[in-house]
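A.B. asks: The listed protein sequences correspond, in order, to chains L and C. Going by our numbering, the first sequence opens with residue 1418, and the numbers climb by one from there. Going by our numbering, the second sequence opens with residue 12, and the numbers climb by one from there.
Hint data in this document are derived by calculation from the structure and do not stem from the laboratory. Any given hint could turn out to be false.
[To be verified] One side of the interface only, derived from the structure: several residues of chain C facing chain L at Cβ under 8 Å: (1) N32; (2) V47; (3) Q50; (4) T51; (5) G53; (6) Y54; (7) Y60; (8) L66; (9) S83.
Note that CB positions come from ideal geometry on N, CA and C, so glycine has one too.
Letter by letter, the chains look like this.
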Amino acid sequence: METKSFEERMDALGRKADAGVRDWVRNDSVFNWLRNTPARILLALVSVGVLYGIPAAQLFTRNMSQWTYIGALLVVIVLQKLSVRFAFDDDSEIDEYQMKRRNRAYRRAYKRIGLIIGAALALVAWQGIYLKASLGSGFQYSFDLASANWNFAFIFVIGLFALQKYLSWGIKGEPMRDSATKH
Amino acid sequence: MGRKPKHEEERVANRIEELRNAAGLSRQALADKVDVHYQTIGYIERGEYSPSLVLALKISKALGQPVEKVFSLEGESN
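Model the full assembly from the supplied sequences, consistent with the hints where possible.
C.D. replies: Written out as structure tokens, the structure is:
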């Protein structure tokens, strides 16, 4: 009998916690500064800058830290999650409009990742053809990248898959002045 | 064949804002009644998003009106 009562209390506590999380995700206004259109544009630019800029800098300077890259990616991913109210994390928290927008973002991201990988492969092929034409040594890549560069490449791929869905969400944010008509 | 381009899709007109104000409901209050985010009510009111049949029926019920009084195809009057 006592066990049942304990279970009931735990169930009630769980339901209360779920409702609290749901309410926070849907109605949080603390992070609204991340959710309007100008903020989304800025966040998209920063995300692209981090995702592509740090490995590009590594290519030229060879002195970037992979931990800096990981840390910067984690920060922009968390900001992106807050910006779209965790729409990609839990179906139960989002309504049908957000679900439609999320599904569109997944479709776009799938296509764009395909294009980015296709473009990278085309670049490799072009370099191979170019090298063969000019040096007679096409497609002879030794892939002798230093391990640090491989780490950057792996982090880039993980970052690309983690961020592309947020970049494909679109720049349209929540209206800045909507709080005036909210209540 | 296939879906119409977005600009050719039939849009759904609605009187949510008018009926909501008449009922003294805020967007947030209506959103809570039909279990969506309040921004979604804004998108529907502005015609930027056409709700599912289930959501349209829920909104109509929350506003105390038959669905045909709240929603119509754009260009048709109720």
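A.B. asks: Does C:S83 pass the interface check with chain L, least Cβ-Cβ distance below 8 Å?
C.D. replies: It is violated, given that the least Cβ distance between C:S83 and chain L is near 20 Å, above 8 Å.
A.B. asks: Quick check on the hint: C:T51 CB to chain L CB, less than 8 Å?
C.D. replies: Check passed: Cβ of C:T51 comes within 4 Å of chain L, closer than 8 Å.
A.B. asks: Against chain L, with CB atoms and a cut of 8 Å, does the hint on C:Q50 hold up?
C.D. replies: holds, 5 Å
A.B. asks: Take the shortest C-beta to C-beta distance between C:N32 and chain L; is it under 8 Å?
C.D. replies: violated, 10 Å
A.B. asks: Would the hint on C:V47 be counted as holding, given a Cβ-Cβ threshold of 8 Å to chain L?
C.D. replies: Cβ of C:V47 sits 4 Å from chain L, so the hint holds.
A.B. asks: Given C:Y54 was flagged as interface, is its beta-carbon under 8 Å from a beta-carbon of chain L?
C.D. replies: holds, 6 Å
A.B. asks: Closer than 8 Å between Cβ atoms is the bar; does C:G53 clear it against chain L? Give me holds or violated.
C.D. replies: holds, 6 Å
A.B. asks: Against chain L, is C:L66 within 8 Å by beta-carbon distance?
C.D. replies: At about 6 Å, which falls below the 8 Å cut-off, the nearest Cβ of chain L leaves the hint on C:L66 intact, so it holds.
A.B. asks: Classify the hint on C:Y60 as holds or violated, based on whether any CB of chain L lies nearer than 8 Å to its CB.
C.D. replies: Holds, about 5 Å.
The structure fails hints 1, 9 (numbered hints given earlier, in ascending order).
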